[in-house]
Amino acid sequence: MVYTDTELQRKLDHEIRMREGTCKLLAACSQREQALEATKSLLVCNSRILSYMGELQRRKEAQVLGKIGRRPSDSVQSAQHSPCRGRVCISDLRIPLMWKDTEYFKNKGDLHRWAVFLLLQIGEQIQDTEMVLVDRTLTDISFQNNVLFAEAEPDFELRLELYGACVEEEGALAGAPKRLATKLSSSLGRSSGKRVRASLDNAGGSGNSPILLPTPAVGGPRFHFLAYTTLTLEEVQDGFRTHDLILTSHEENPAWLPLYGSVCCRLAAQPLCMIQPTASGALKVQQAGELQNGTLVHGVLKGTNLFCYRRSEDADTGQEPLFTIVINKETRVRAGELEQAPEWPFTLSISNKYGDDEVTNILQLESREALQNWMEALWQLFFDMSQWRHCCDEVMKIETPVPRKPPQALVKQGSLYHEMAIEPLEDIAAVTDILAQREGTRLEPPPPWLAMFTDQPALPSSCSPASVAPVPTWMQPLPWGRPRTFSLDAAPADHSLGPSRSVAPLPPQRSPKSRGFYSKSQLGPWLQSPV
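In our numbering, the protein residues as written are 1 to 531.
Keep in mind that a hint or two might mislead.
Derived EDC-like pairs (lysine to aspartate or glutamate); straight-line CA-CA distance at most 20 Å [what the hints assert, rightly or not]:
id, residue 1, residue 2
1, LYS60, ASP13
2, LYS284, GLU339
3, LYS302, GLU151
4, LYS329, GLU369
5, LYS60, ASP5
6, LYS60, ASP140
7, LYS397, ASP13
8, LYS353, GLU394
9, LYS302, GLU330
10, LYS284, GLU376
11, LYS100, ASP140
Hints were generated in silico from the structure; no laboratory data involved.
Build the full structure now, drawing on both the sequences and the hints.
The structure is reproduced here in structure tokens:
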């Protein structure tokens, strides 16, 4: 979409307001993940503001030089000779990493982590990817989402910029000043080292020492420009390719990331002339070899094919055409007029070569205006094919990007406890289902002794001859409720374990005054159990 000056100014004002809100949000962030996302949004907003301001400046300069203020006839003529726009999509982005052997295989050295993302730009359009957390356990940086540019010209330049911020753990940051102070005190000697250690502890024992960790002028994390590359129409291919990546950081840089120096991706393009009809109307087609009158059809020019349908409704419903006439870069088109056909006097001859043979189809039209419209559509198609080149050989597949999910916390996966979403009244059933799904098997029915802790009767034992097969747990609700703590303060129900054995009764209810003190008469029946 080509934005007008008013629309571009409106988008510029929107990004300026977004930047102001992001600055306020960044100042209020208390979590590391929030600060990273806010800093990334601020960087993207600044890039878009600069892009929109540059585009507005170029348009104003062109107006001053008289390159835009043309007469209406000149504008129409210029639009006829401009190629169609297209959709450009980049997907399957992978950036290989090159770790040292001691870091990746032997797992030695400090574990550094980076938060990285890509900034992509075509003209004034700027988009970004999600943020990815990278450490030495990964061999490449993988971006899952597709980035689509809906309005691109054939001479587009897609610029990829990689940004990264070193993410240190809170514990490492807090302990760094003390560790450094310990090293200084041990290396300077006993007496002088103690004095240095005491001065450092007095300056800031909590890790905010002005000597060791000066407070940055701007709050929040800082993203560094790590690498970039530029892709053009030459790199478009319906497949996975590797492209060179220009590195802008070195190993001495604190934000250095061991990049291999290449980026792998799939870059596809769809010219609009290949996916949208450019002309349609009633035609009378005389195919090659026919000597009599042609067939009345409804023609639709789409891509490199002229589809001929029996009726116009067939094209709308997606039915198969009667026949198709191929139009490619080698096709020759000639206009003519027939004197013996007063109803369809104007003709278009479309000739294609198949080896040594030449096949010609003749299109008959009712009026000169229809002939002019079809001629303009065909010449525009030939011009588009000359500009988009190999992208017009066949339609490349482009998947519509899914809506981006809200940013997640940059932490690793939690335990089973964090995966449970338990309702207050059905917690046991929820835990059982989660455990069954993780282990792949269903849990067994509850044992009979669990009934001692509930008000429900015990389930029949599987060893009893009168017992029946228990109903599976997934077909009926579980027979027990929430397990309760067995306390001496509450007397349980009388559960008989057999005719020959009995359980001693619980002691009587104690009053708050006598809690913790028992007389001999109270302890006697509790300690005596019939054998």
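For each hint, the structure was consulted:
Straight-line distance between C-alpha atoms of LYS60 and ASP13 comes to about 18 Å, which keeps the hinted pair within the 20 Å bound. With a C-alpha separation of about 16 Å, the suggested pairing of LYS284 with GLU339 holds against the 20 Å cut-off. For the proposed pair LYS302 and GLU151, the alpha carbon gap of about 19 Å is at most 20 Å, so the pair holds. Distance check on the hinted pair: LYS329 and GLU369 sit about 25 Å apart at the alpha-carbon level, beyond 20 Å; violated.
The hinted pair formed by LYS60 and ASP5 meets the criterion: a straight-line CA distance of about 9 Å does not exceed 20 Å. At most 20 Å may separate the alpha-carbon atoms for a hinted pair to count; LYS60 and ASP140 exceed this at roughly 44 Å. Between the alpha carbons of LYS397 and ASP13 the distance comes to roughly 35 Å, so the proposed pair goes past 20 Å and is violated. With a C-alpha separation of about 19 Å, the suggested pairing of LYS353 with GLU394 holds against the 20 Å cut-off.
With a C-alpha separation of about 17 Å, the suggested pairing of LYS302 with GLU330 holds against the 20 Å cut-off. About 19 Å separates the Cα atoms of LYS284 and GLU376, which keeps this hinted pair within 20 Å; it holds. A threshold of 20 Å between alpha carbons decides the hint, and for LYS100 with ASP140 the separation of about 14 Å falls inside it, so the pair holds.
Hints 4, 6, 7, counting from the list given before, are not met by this structure.
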